[in-house]
Amino acid sequence: MSKITLKDLSHSYLEKQNSNDDWALRNINIDWKDGGAYALLGPSGCGKTTLLNIISGLLNPTKGKVFFNNEDITLKTPVERNIAQIFQFPVIYDTMTVYNNLAFPLKNRGMPPNEIDKRVKEIAEMLELTKTLYNRASGLTADGKQKISLGRGLARSDVNVIMFDEPLTVIDPHLKWVLRSKLKELHQKINRTMIYVTHDQTEALTFADQVVVMHEGEIVQTGTPVELFEKPKHTFVGYFIGSPGMNIIPCEIQNGTAEVAGIKIPTNSEIKQKSNFSKTEIGIRPEFVSFSKDGIPVKIIKVSNTGRHKIIDTECKNGKIKILSHSSKEIPSGSAFLSFDKKYTYAYGDSRIIE
Amino acid sequence: MNKTINQKAWFFVIPVFILVAFNAVVPLMTVVNYAFQDTFGNNVFMWEGTRWFKQILKSERFHAALGRQFLFTGIILLIQIPLGIAIALSMPKKGIGVPICLVLMSMPLLIPWNVVGAMWNIFALPEIGFLGHSLNDLGFDYNFTQQIGDAWFTTILMDVWHWTSLVVLLSYAGLQSIQPAYYQAAEIDGASKWAIFRYIELPKMKKVLTIAILLRFMDSFMIYTEPFVLTGGGPGNATAFLSIDLVKMALGQFDLGPAAAMSLIYFFIVLLVCWVFYNLMMRNEEQK
Chain F
1 MSKITLKDLS HSYLEKQNSN DDWALRNINI DWKDGGAYAL LGPSGCGKTT
51 LLNIISGLLN PTKGKVFFNN EDITLKTPVE RNIAQIFQFP VIYDTMTVYN
101 NLAFPLKNRG MPPNEIDKRV KEIAEMLELT KTLYNRASGL TADGKQKISL
151 GRGLARSDVN VIMFDEPLTV IDPHLKWVLR SKLKELHQKI NRTMIYVTHD
201 QTEALTFADQ VVVMHEGEIV QTGTPVELFE KPKHTFVGYF IGSPGMNIIP
251 CEIQNGTAEV AGIKIPTNSE IKQKSNFSKT EIGIRPEFVS FSKDGIPVKI
301 IKVSNTGRHK IIDTECKNGK IKILSHSSKE IPSGSAFLSF DKKYTYAYGD
351 SRIIE
Chain Z
1001 MNKTINQKAW FFVIPVFILV AFNAVVPLMT VVNYAFQDTF GNNVFMWEGT
1051 RWFKQILKSE RFHAALGRQF LFTGIILLIQ IPLGIAIALS MPKKGIGVPI
1101 CLVLMSMPLL IPWNVVGAMW NIFALPEIGF LGHSLNDLGF DYNFTQQIGD
1151 AWFTTILMDV WHWTSLVVLL SYAGLQSIQP AYYQAAEIDG ASKWAIFRYI
1201 ELPKMKKVLT IAILLRFMDS FMIYTEPFVL TGGGPGNATA FLSIDLVKMA
1251 LGQFDLGPAA AMSLIYFFIV LLVCWVFYNL MMRNEEQK
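Protein sequences appear in the order of chains F and Z.
Be aware that the first sequence starts at 1, since it is given in our numbering, and climbs by one per residue.
Be aware that the second sequence starts at 1001, since it is given in our numbering, and climbs by one per residue.
The reader is advised that the hints may include incorrect statements.
Said to hold, decoys possible - Which chain Z residues face chain F? A few, computed with CB under 7 Å, are given here: (1) Pro1126; (2) Ala1181; (3) Tyr1182; (4) Gln1184; (5) Ala1185; (6) Glu1187; (7) Asp1189; (8) Ala1191; (9) Ile1196; (10) Tyr1199; (11) Pro1203.
Said to hold, decoys possible - Think about it this way: if two alpha-carbon atoms lie no more than 20 Å apart in a straight line, the pair counts; the simulated EDC-like pairs of lysine to aspartate or glutamate are: (12) Z:Lys1206 - F:Asp94; (13) F:Lys342 - F:Glu227; (14) F:Lys272 - F:Glu355; (15) Z:Lys1094 - F:Glu15; (16) Z:Lys1093 - F:Glu355; (17) Z:Lys1204 - F:Glu227; (18) F:Lys329 - F:Asp294.
Quick caveat, the hints were computed from the structure, so don't treat them as lab data.
Don't be surprised by glycine CBs; every beta carbon is placed ideally from N, CA and C.
With the hints as extra help, turn the sequences into a complete structure.
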């Protein structure tokens, strides 16, 4: 159990770094509390796995430091750090039985056999592996194998942190639900710090108390699922979280107010007159856009019904706007006017929120 | 799926069929023909039944050659397989070293058999060869043309030099295909170097090693050219392995009947050992 701190962490896979693009991670600062459930969320290639491997000690960062409980462990090996990591696809020892697979990390640390036996049976019970405990691990199905991987990660009771690197990728959708709730349940039961890496927003938002959203090697926002939804601090967060994502509409700033298609838009941002952004945008989630008598004139392009909701694609002079409305609501056809809920409308300068 | 039924397609198989018939089936049937009959030339044959087979199976000369053959194959497998794995494990995994090592490793495999034999013959000659002369200078009484032990030592050394690379290349391919996550997981699990080898690398190399052992078994069991050029089967019959003995019988003594029977027995031994070995290795796979 421990608190994890990352300080000014940067990593590059290249020997020499000439531009920003040469860095896989840039200026990562994180403070994670002991016993929390955290998710690292971002698209493929954003540096999530790199960050995870730096925390586990499989990689040494180019710059910056890693602390467990305020102790600098940047240069320590994974064994010394005493962590557990579960990988994207099942990593099992083919020739061993399920039992020996689970016992392996314990044996390597010289635990007495009777204690190993007790612990292995406990873990097997928890993951419902008891029936196949003495079968060869290679004979199991993909999700059975991934359960073994999970079990090996959970076997040691004294680890500082358990890390999951997209562990449910190979699992069937219906089993994903089962295993995900199992993980959540486990977290509450053993109360250990857990870090969950994923590109799936549902997985991240259901698992974690705190979600860290990454984009091109940087952390763009850290917050609870609700914060990420209601107040995205970066247009990427708005776009990446939510389905459909946030509407990002280019706008002009005139006298401290944002204007779209010549119409003033009231926002929740305090826009200073003297700001020189190269790009300014308005962000509003489709949930908070509605039809009204006046406002932004748009043309309705397409209405798609998802069952509970209707997604309406519209187009104004500055770009496309999506609207999410209840299926029961009447949708005007042809052209219409839109208004935005001021509370959830934010202005963004160079992709970052203006507050 | 609707497959077009077109029996004319069989005509496309004819060239392969003819090729296989002429290079395998017809010669093999000729051997079968000789194995059951006796001939004095002029295409006159007399039926002998299983006489040649009985004669060969009882012959001490055949037993001795077969014994030498198994001993030789056993020794080279015991050396080449572990050595090949060890070399593959110590080869670099990435960088400029990889192509260099791979090219160096492939070199012996590209040299024709009789050239290998000739090279080692000269290399090992006690008076002028580098190996032979150096060994004698170091105080060893080394002469592979006269001493049985030295002849075996040289033959085995030559085969190890020539063929270990094959095991290395196959093992290396097997090792390269292991996902890095396995090593990372083992590192986190606190596995020792030996445990990583025993529980990750060896199981993952199983298939390529099966192939390597099969290939090395077959090739070494049928070895002819290299020892023929190096020692000619001598001194005496000390390194006369099965195929050398067979050629002596067939072409030296012109005993075509017994030689044909021996060829067939030889062929069935190779086939049987390969079949048993392959099935043993693959039995676990099917249980999955």
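Unmet hints by their number, sorted upward, for this structure: 1, 9, 16, 17
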